[in-house]
Amino acid sequence: MSGFILRRLLAMIPTLLIISVIVFILIQLPPGDIISATLASLQQQGMEVSTEQIAALRAQYNLDDPMVVQYLRWITHFVQGDLGYSIKYQQPVNTLIWDRLGYTVLIAVASLLFTWALAIPIGIYSAVRQYGFGDYFFTVVGLLGLAIPNFMLALILMYCGYSWFGVSVGGLFSPELAEAPWSSAKFMDLLKHIWIPMIVIGTAGTASIMRVMRANLLDELSKPYVVTARAKGVRPLKLIMKYPVRIAINPFISTIGWLLPTLISGEAIVSIVLNLPTTGPLLLQALLSQDMYLAGSFIMLLSILTVLGMLLSDILLAALDPRIRYE
Amino acid sequence: MSSPQLLQDVSSARLTWLRFKRHRLALASGIFLVVIYLTAGFCEFFAVYEPNSRNPRAIYAPPQQVHFIDPVEGFQLRPFVYGYHLTINPDTWVREYTEDHSQKFPLQFFAPGEAYQFWNLFGASRHFVTVPDTGYLHLFGTDKLGRDIFSRVLYGARISLSLGLLGVALTIVLGVLIGGLAGYLGGMVDNVIQRTIEVLQSIPTLPLWMALSAALPPHWSPLGVYFGIIVILSFIQWTGLARVVRGRFLALREEDFVVAARLLGAGRLRIIFRHLLPSFMSHIITTATLAIPGMILAETALSFLGVGLRAPIVSWGVLLQQAQNFQVIILTPWLLIPGVFVVLVVIAFNLLGDGMRDAADPYGGSNSA
Amino acid sequence: MSQEQILSINNLTVEFGSELGTQTALHGISFVMQRGRTTAIVGESGSGKSVTAYSTLRLIEAPGRITAGEILFRPTGLPVFDILALRPDSDALYNLRGNQIAMIFQEPMTALSPVHTIGNQVMEAILTHRPVGKAEAFMQATDMLRRVGINNAAERMHQYPFEFSGGMRQRVVIAMALVCQPELLICDEPTTALDVTIQAEILALIRDLKDEFNSSVLFITHDLGVVAQIADDVVVMHQGRILESGSVRQVLKSPLHPYTRGLLGAMPGLPGLQPRRHDKARRLATVNDSQGTTDFGQHPLISLNDGRRVALPQAKIDEALKP
Amino acid sequence: MRQGVRTTTASTSAVVNCCHFTMVALGLLASFGTTAAEIDPASWPAAWHQPMATASELGLTHFQQAPMLAEQVAAGTLPPLQQRLPTDPVVLQPINNIGQYGGTARIFRSDWDKLNNLEGPLTVDPSAAKILPNVIERWEYSDNNQVLTLHIREGLKWSDGSAVTAADFIFYHQHVTLNTELNPITAPQWVGSQITAIDDLSFRYEFPQPFPLLINIMAQIGDYMLAPSAFMQQFHPAFVDRTQLLASIYAQGYVSWMSYFNAILFWTRNSQPLAPTLRPYQMVERTPIAEYYSRNPYYWKVDPEGNQLPYIDKIRAEVIDNADVMAAKASTGQVDFAAFEMKTQDFPLFKLGEKTAGIKVLVWHRIHGSDVIIMPNLTIDDSRLRTLFRDRRFRRALSVAINRDEMNSVIYFGRGTPRQATVIPTSRFYAQEFAQAFAQYDPAQANSWLDEMGLIDVDGDGLRNFADGEALTITLEYIDFETPKNISLELVVSYWRAVGIDLRLKEVDQALQYNRATGNLMQMTAWHADRSTDILFPWQPQWYVPMHIGWEEAHWNSWSIYYLSGGARGEQPPAEIIQLQDWWQELTRSAEPARVTELGRNILRSSAENVWTIGTVGLAPQPVIVSGRLHNVPAQGYWGWDNRWTMAYHPATWYLTQ
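Just so you know, the sequences run in chain order A, B, C and D.
Its first residue numbered 1, the first sequence is counted upward by one per residue in our numbering.
Its first residue numbered 1, the second sequence is counted upward by one per residue in our numbering.
Its first residue numbered 1, the third sequence is counted upward by one per residue in our numbering.
Its first residue numbered 1, the fourth sequence is counted upward by one per residue in our numbering.
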């Protein structure tokens, strides 16, 4: 098993390298980015002479070096944990990013769990009662979740949360608990708030997972070994729980991999609507102000997150499915 | 177990159609989509006003009710609407609209109304429905500037729906080409392409889209931005399709008829396009159908974030961006009507795609994950 | 239904729905199985033989449907009952499956769940039907594995199917079927997917175990060679109908129905000497060639004095019976 | 109604309609208050209009402090109140009643300085007309207005307990204002200036020219004139070893000592240390979610009963980027005070909150000459656009193409005043014709001017082209904050489109706005015409004279640079612009009131004729949202940068109940 993990870890490296190149290109992409605008502004104000600030700026971003050197320097710094300096916030990116990344992961994981909690039982139900009323009903509900734009649903739920349950609008905590140390009260408060993003992000993915689950199950239900088990006299519920779900759960574990990018995307937009202290709003601000190093760091970190998610799902898969482990 | 053999003479296309027809929902969705695409295509005719026309007498005015019964004349065959009577409530500052029964505007069908340039080709003024010159017709109400939501939804449909279609077309071209190359050539090429796809798929889509669209130069024309967004959306979407195509190619290239074609000296491209592609066209079409709603939703998301399409272009995303606040839900819910259309179209595409998949591939459609 | 009869299928009709209309898989077939004997159903793919087997355990699933008929089953010392009359979720049905009637499947590669251990799957049958604890079930399962010829049984209980060869897996499947000592064992082409040498071993194993447990066996196959080795009685099926039935000797030595003759004629070499698998297509092609696209008609089965039944007009029977 | 914004003929017919409508709307509004009126000075305590009284004047000898501070005193972590208060504390009169201590005020970050108001050397009165003492107790100008002598209140302390002395002003002047690393261009008024300490509490500025307006600056942006010198010197290379300083700064990820210095001075760091302050509250923590403020234990103002202010213990200022979320939270009573990001057009939503969430919606008056002013960049690099923008007919045409009455009714419920960018009516420089110049709605006139300029629609797309047939499009970059810019500009787009001008809007981020505006990279931008009162107009008439560069203007940057750099950089302006700059320079130095007024009017008249910037609607209502538990907030007030929003309304006297 450890050999397997090691192999997978090594395989991540080229992937991450290519991602870093793409991100670096993104950073370089905007024509009127904030650094050139800053320089233009400084020059307009009479800074042709290379003052310390302008030199520091240019040095920080290696504006005079060839692209390859710039890239290498950037990635070296990145690997060493120096994510650069945000021009917009006049602060090191490091001080801005970590708390928010934590909340992003929290919301993404919560949404993933919510998606599963919803999609798995419904998927099973739909598969067992294929073409029944419930099957159609859940299909339509799932489609609704998929079809309502995330930001619209977030807004509507925010309104409902406020007007029905008195949940404070926006944010992940009530103001009085936001900075309090962790306690059961704070945790409950988090639960009171996190359900909106969880539902919004979760429902967007539920439809597809539900359908995957249903299809997988239908597939599995007709597999010979299920018939074997039926022939053994195993009862339907036990049958479904023991065999197909067990098998169909594998693709689920692999959803961690491919669902994560979706979840993080959904998280970004919902956080912007609900003003959650995650990466989404800051990323948007960074992009709007073309603070590309901040934006680039975010995208890079989010990508690393998904790659790690994929790794995790591979490891889980290997743990669950002996065939993969022995390959 | 036994499989039907007595109907071998039924062609597979007809069989697919028969199976498709059994999916009532898919069929209905298909019809709905055809109707809405046609409406969008001819939106100049179906809309009452141009998308940016304003009626300063109707700021945040609610939808007008279509009446058949006149208090004086009783039932009328020709439906009509009443004009608005506006008062600004001094306590609430709310613009309160009531029906002004002294102003009655009969609905006219196929009558001349606001002039427009049809597809920028020729001028015309006939509308599907309109009211006489002195009146106004706002079936879905108006927005903060007094623009007609009904007309804007139709014009927005043109942009959003065509964007989905064009985006998916580009996705197919990229996906089939790249996936086909990987699957057909194999070896190094395949490896490189495979790795690229993996990489692209592990970057969270929306942030990447946001970054790319934020990088679109600010001075680009609305049309430029429109195509820019299409390219950006397709930039990631192709990977999924490419994977599928590659897989099929790998499987197919060992099939007898391909080998035969190769032995007969057919060129690689010819083999790909004459022999390989048609063999899973139905799959591509289905995948494409299921990808369109994703594109439409992505556009609304980007526009909502302010990095997508911008006024004066009217898309559903642009319309919804203006509906993004509490005030809308509480005071002017009709601004959410474009959202209803987004939802309907997305659902319709999904049902249609599902139906098509089941029809084309009744036994193998389940491995889509 | 007499004591000697363990299973009596009467007028069994199964239909499959499709978008192009309904397809009948079984046209009201009837036959009787004698206790303690091995009855083989033989026929080509699509003849309905597997449907018959699945119907017996009520394993037919949508879009398939049993539309008519009865399947009478008489366990030893118990009253006879109609399997088709059982409620789908009744205890009797679950008790029937795996306990009174067990089934062995064609593909040992897929008939076992890849993600559960062998032990788990064999024990499942015991735990489902016997009021025993896990330890006891483990003992019984190990014992059963040993009896089907698996060495190191206790150790192999913990292994996964992919660690077994095809023949070994089929032994596992057999063990799984027999572990509750069913009165009736249905074997659905249990050797088709196996190599020739293994086939013979498995057939021998089934025969031995049948004797040991005093079971009756319903053996589904397309292979008359296998029939000759294992069966006491034969039912020949074609397109959802029974064309001929009788004892092995009767049917193989002097077949009455032209289709049966065709099948026999298509067999190269002597009965008992198995043809290689990929010759199958050619053989069946031969069947069709010799018979053309003959519709074997819908003649009712006519019972003959010697216990045989054949679906031919009386005239033809007479013709065939002439020496 | 057939509105046809695209064709001129159609839109003329619309004029009739909407003018009619506007009159109806205005008629309705007349019943509940005049528009953009002056506020009766009697709505505020008389004491607010006078220099603040001191404890000794009122015979106050005993002082009380907030329980949270009393605890700290008891614990020995804080000196007793008597040692913290200045020798003679300043007494503030609450508008309604004596408040109670305690509570945490919930606000948005953009309102942080509305509750934690500036405490500058001087301050202004509630009518935004008079300059009053504050940190500085009294001041004297020399006869020639070249020397200003100032006296600091005795015993005043920074929030770390250190004394406020002349050294704090001197440090700022010599090591911040005149430091060429921190401020690359020395502002002209400071060139050649000197500062001298007389004693610990007295000092004087000396200038090579008369500078009577310095007190205006000290009242309005006096926070840029002093700093806790002893503290800030630790981070200034003039006082510590530069190499060591830089090493520690780089290690923390900052690019330069300047950014680090500013981060500490202006509290933009996430972590301590942060500079001590004179404000009622000091920042204690900043997280991605919020900023936290706690009362300044050394705050130097008390209420008439001797209770040390402020009443409120703490402030939690939530960071929210999304204006819609802010409106939602404010309207549902989830903040105690919200105003800066509250939009006029959201009044109905807030008013609903009065019923459902128990909030109060106060209508304050914005003192902006125009809520949105549009600035074509007269010194843009693109020569064709520059020629166009510099053509007076073009600017006039753009101005009269705007239907201000309609804007007033659509955006402001008819409660604003359609007007050109100019000073507010109460200003000594005001003339009605300045406000009305080219502010009428006359698309026909606009069309004829544009035609005259040779801007004809050659390709029949309804939009005018350059004379050579090239498409004419203008991109306007702007930030949508403070005033309703977005909706106003959307309307402008449609008005201009009706006369064939293709305007494209691009909302940009604040940082980008600053850099692109000052970098002379924008074709056009929009801001609000603040600096329209007598406090700031004479000193910063930047909308009317090229004399300033910043993020807010982009209409003649190169000319401003030329002026600011004494001709070293930028582009030499034409004679009429130089005339403007001369008038202004004279205005800032003149001691003769009549001459000052004349010069100011000269400048405004030129603006009225030339339409340097295009105004829309001004003097508009500002929603101020107050929760049910926040008290002593005046029902009326002037809202704007000129009086630092709430500074004159003494937020330290506001208090919370539960």
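It should be emphasised that the hints constitute simulated quantities derived from the structure, not laboratory data.
Using N, Cα and C, we set each Cβ at its ideal position, and we do this for glycine too.
Keep in mind that a hint or two might mislead.
[Unchecked claim] Simulated restraints, written as ranges between beta carbons of each label pair:
| no. | chain 1 | residue 1 | chain 2 | residue 2 | range |
| --- | --- | --- | --- | --- | --- |
| 1 | B | 34 | C | 109 | 23 to 31 Å |
| 2 | D | 321 | B | 173 | 37 to 45 Å |
| 3 | D | 387 | B | 76 | 54 to 62 Å |
| 4 | D | 457 | B | 224 | 17 to 25 Å |
Inset, instruction - Kindly indicate which numbered hints from before are broken by the structure, ordering the numbers from low to high. - result: 1
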